[in-house]
Amino acid sequence: IPTSDSIRYGRLAVDTGVFPLYEVVDGKYRMTYEPQKLRPVEDYLKGQGRFRHLGDKDIEKIQRRVSQEYEKILSKCEGK
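If you're matching positions, the sequence shown starts at 25 in this note's numbering and goes up one per residue.
One or more hints might be untrue.
Here are the in silico distance ranges between beta carbons for each label pair [as the list claims (entries may be wrong)]:
1. GLU84 to ILE25: 19 to 27 Å
2. GLY34 to GLU84: 34 to 42 Å
3. TYR33 to LEU98: 19 to 27 Å
4. VAL49 to GLN72: 15 to 23 Å
5. LYS100 to ARG35: 17 to 25 Å
Think of the hints as simulated: they come from the structure by calculation, not from any bench. None of these values were measured; they are calculated from a predicted model. In this text, a Cβ means the ideal position worked out from N, Cα and C, and glycines have one as well.
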(Lines of atoms letter the chains of each structure in order from A and count residues from 1; the text may use other names and numbers.)
(Lines give C-alpha, C1' and ligand atoms only; values in the text may rest on other atoms or scores of the structure.)
Protein backbone atom coordinates (compact mmCIF):
# COMPACT_ATOMS: atom_id res chain seq x y z
CA ILE A 1 0.00 0.00 0.00
CA PRO A 2 1.20 3.50 -0.63
CA THR A 3 2.62 5.32 2.37
CA SER A 4 -0.14 7.90 2.02
CA ASP A 5 -2.71 5.17 2.78
CA SER A 6 -0.99 3.66 5.83
CA ILE A 7 -3.02 5.56 8.42
CA ARG A 8 -6.26 4.69 6.61
CA TYR A 9 -5.36 0.99 6.55
CA GLY A 10 -4.27 1.11 10.18
CA ARG A 11 -7.70 2.44 11.09
CA LEU A 12 -9.37 -0.18 8.90
CA ALA A 13 -7.41 -2.90 10.69
CA VAL A 14 -8.90 -1.71 13.98
CA ASP A 15 -12.40 -1.02 12.62
CA THR A 16 -12.61 -4.52 11.11
CA GLY A 17 -11.34 -6.27 14.24
CA VAL A 18 -8.20 -7.56 12.53
CA PHE A 19 -6.12 -5.65 15.10
CA PRO A 20 -8.28 -4.93 18.15
CA LEU A 21 -7.02 -2.24 20.50
CA TYR A 22 -6.93 -3.50 24.06
CA GLU A 23 -4.60 -3.56 27.02
CA VAL A 24 -3.95 -5.93 29.87
CA VAL A 25 -3.04 -4.46 33.26
CA ASP A 26 -2.57 -6.72 36.27
CA GLY A 27 -4.20 -9.54 34.32
CA LYS A 28 -7.33 -7.48 33.54
CA TYR A 29 -8.32 -6.89 29.94
CA ARG A 30 -9.74 -3.56 28.78
CA MET A 31 -10.72 -2.41 25.30
CA THR A 32 -9.05 0.90 24.57
CA TYR A 33 -11.14 1.44 21.45
CA GLU A 34 -14.25 -0.43 20.40
CA PRO A 35 -15.92 0.38 17.07
CA GLN A 36 -19.70 0.80 17.29
CA LYS A 37 -20.02 -1.83 14.57
CA LEU A 38 -17.20 -3.86 13.06
CA ARG A 39 -16.67 -3.34 9.36
CA PRO A 40 -16.23 -6.37 7.08
CA VAL A 41 -12.68 -7.75 6.96
CA GLU A 42 -12.86 -7.44 3.18
CA ASP A 43 -12.68 -3.65 3.60
CA TYR A 44 -9.21 -4.09 5.11
CA LEU A 45 -8.03 -6.75 2.66
CA LYS A 46 -9.15 -5.17 -0.61
CA GLY A 47 -6.80 -2.67 -2.09
CA GLN A 48 -3.76 -4.38 -0.61
CA GLY A 49 -1.85 -6.23 -3.30
CA ARG A 50 -0.54 -8.81 -0.85
CA PHE A 51 -4.08 -10.15 -0.43
CA ARG A 52 -5.19 -10.09 -4.07
CA HIS A 53 -4.82 -13.88 -4.36
CA LEU A 54 -7.56 -14.48 -1.77
CA GLY A 55 -10.89 -15.69 -3.07
CA ASP A 56 -14.33 -15.21 -1.55
CA LYS A 57 -14.08 -18.45 0.45
CA ASP A 58 -10.71 -17.41 1.86
CA ILE A 59 -12.10 -14.03 2.90
CA GLU A 60 -15.14 -15.70 4.52
CA LYS A 61 -12.78 -17.96 6.49
CA ILE A 62 -10.71 -15.00 7.61
CA GLN A 63 -13.88 -13.12 8.59
CA ARG A 64 -15.06 -16.03 10.74
CA ARG A 65 -11.69 -16.30 12.47
CA VAL A 66 -11.41 -12.56 13.10
CA SER A 67 -14.96 -12.50 14.51
CA GLN A 68 -14.22 -15.46 16.82
CA GLU A 69 -10.98 -13.95 18.11
CA TYR A 70 -12.59 -10.54 18.60
CA GLU A 71 -15.39 -12.11 20.64
CA LYS A 72 -12.83 -13.93 22.80
CA ILE A 73 -11.10 -10.65 23.60
CA LEU A 74 -14.43 -8.94 24.32
CA SER A 75 -15.42 -11.72 26.71
CA LYS A 76 -12.12 -11.35 28.56
CA CYS A 77 -12.74 -7.61 28.84
CA GLU A 78 -16.20 -8.24 30.24
CA GLY A 79 -14.91 -10.87 32.65
CA LYS A 80 -17.10 -13.64 31.25
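Hint by hint, here is what the structure shows:
no., hint, verdict
1, GLU84 to ILE25: 19 to 27 Å, "holds (23 Å)"
2, GLY34 to GLU84: 34 to 42 Å, "violated (24 Å)"
3, TYR33 to LEU98: 19 to 27 Å, "holds (23 Å)"
4, VAL49 to GLN72: 15 to 23 Å, "violated (33 Å)"
5, LYS100 to ARG35: 17 to 25 Å, "holds (23 Å)"
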